[in-house]
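Residue numbering for the sequence shown follows my numbering, starting at 3 and increasing by one per position.
Just so you know, the hints here were simulated from the structure itself, not pulled from any lab data.
These numbers come from a predicted model, not from an experiment.
Be aware that a few hints might be false.
Said to hold, decoys possible - Beta-carbon label-pair distances, calculated as ranges: (1) 61 to 118: 40 to 50 Å; (2) 158 to 121: 19 to 29 Å; (3) 237 to 64: 41 to 51 Å; (4) 65 to 185: 39 to 49 Å; (5) 176 to 87: 36 to 46 Å; (6) 98 to 219: 24 to 34 Å; (7) 206 to 232: 43 to 53 Å; (8) 238 to 177: 18 to 28 Å; (9) 238 to 154: 48 to 58 Å; (10) 65 to 212: 40 to 50 Å; (11) 156 to 184: 15 to 25 Å.
C-beta: ideal position from N, C-alpha, C; glycine also.
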Amino acid sequence: MRPIWPRRTRRRRSSMPSLADAQRNFIATVNEGPDALDARLFAGTPERIILGLKAHANTISHARLAALEESFPLTRAEMGETPFNALCRDFVETTPAKTSDLAHIGRHFASFLQNSNIPAAISDLATIEWAWLESYHAADRTPLTLEAVSAMAEADLLALLVELHPAARLHVLHAPLTASLAHLASETDMPRAILVVRPEAEVRLLAIDARTLQCAEKCQRTTTIGNLLALASELGDDTDPIGPVLTLIGAGALIAME
3 MRPIWPRRTR RRRSSMPSLA DAQRNFIATV NEGPDALDAR LFAGTPERII
53 LGLKAHANTI SHARLAALEE SFPLTRAEMG ETPFNALCRD FVETTPAKTS
103 DLAHIGRHFA SFLQNSNIPA AISDLATIEW AWLESYHAAD RTPLTLEAVS
153 AMAEADLLAL LVELHPAARL HVLHAPLTAS LAHLASETDM PRAILVVRPE
203 AEVRLLAIDA RTLQCAEKCQ RTTTIGNLLA LASELGDDTD PIGPVLTLIG
253 AGALIAME
């Protein structure tokens with residue numbers, strides 16, 4: 003007798019898109035309009051489908067606008083409600099906004115302002131506000147303190163490896179500070195940048211001069227305290243050769259590397 007093998011049946015390929023494809027098409031339709039619609043994903047007439055998607059699109063657009071308002075309250079106050087909202091409505095139609103989740107939608111807002119003929123002080127402010135949010139959500143690390151370095155032997159201190167704290171952010175200023183940040187200018191005669199730090203639970207803003215900025219930028223990669231002191235000395239000001247390094251440590255902007 004010949005063996006009777008079980009008959010194999012070929013599975014029919016489903017005409018329905020995968021879940022991932024469906025999600026991508028839904029988002030594309032909301033962002034790009036009816037031309038991106040895959041009718042297989044919805045029941046009903048095209049007119050009813052589009053009507054429903056418009057409701058979703060309006061909800062998403064409102065959520066994006068609300069997220070921007072919450073992320074940039076000082077920028078909104080400086081610009082005024084109407085101009086700020088008009089720019090936000092333009093921004094949410096850009097690709098960076100459409101491809102971002104609500105938590106990160108403001109990441110490219112400051113650069114959008116820079117390309118929108120907005121005063122440089124306003125785009126500076128928006129950048130600083132976003133840096134504040136990034137600092138707030140950054141990883142926790144124990145900062146290097148003045149007490150710790152004062153207890154170290156000179157040779158150990160000079161060889162100590164340091165980096166910027168993961169919550170530290172630097173923004174080079176392109177214009178004088180706006181009214182909402184003008185109080186920071188009293189911390190230095192000629193603020194060159196804003197240093198955003200969060201050594202503990204509270205985010206702080208610090209106006210820094212050009213020497214301190216260059217020392218902070220050097221700490222974006224691992225370096226030694228000795229190298230920082232040498233850089234600060236090379237940059238001038240014989241009356242305070244170690245001031246920039248003490249400023250960074252005192253602000254909680256540095257961490258010691260093992």
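Taking the hints in turn, this is what the structure says about them:
1. 61 to 118: 40 to 50 Å: violated (26 Å)
2. 158 to 121: 19 to 29 Å: Given range 19 to 29 Å: violated, Cβ gap about 48 Å.
3. 237 to 64: 41 to 51 Å: holds (49 Å)
4. 65 to 185: 39 to 49 Å: For residue 185 against residue 65, whose Cβ atoms are near 33 Å apart, the range 39 to 49 Å is violated.
5. 176 to 87: 36 to 46 Å: Check failed, 24 Å falls outside 36 to 46 Å.
6. 98 to 219: 24 to 34 Å: holds (26 Å)
7. 206 to 232: 43 to 53 Å: With Cβ atoms ~27 Å apart, the hint is violated.
8. 238 to 177: 18 to 28 Å: holds (25 Å)
9. 238 to 154: 48 to 58 Å: Roughly 26 Å apart at Cβ, these two residues miss the hinted range, so it is violated.
10. 65 to 212: 40 to 50 Å: At roughly 41 Å between Cβ atoms, residue 212 and residue 65 fall inside 40 to 50 Å, so the hint holds.
11. 156 to 184: 15 to 25 Å: violated (40 Å)
In this structure, the earlier hints numbered 1, 2, 4, 5, 7, 9 and 11 are contradicted, and the remaining ones agree with it.
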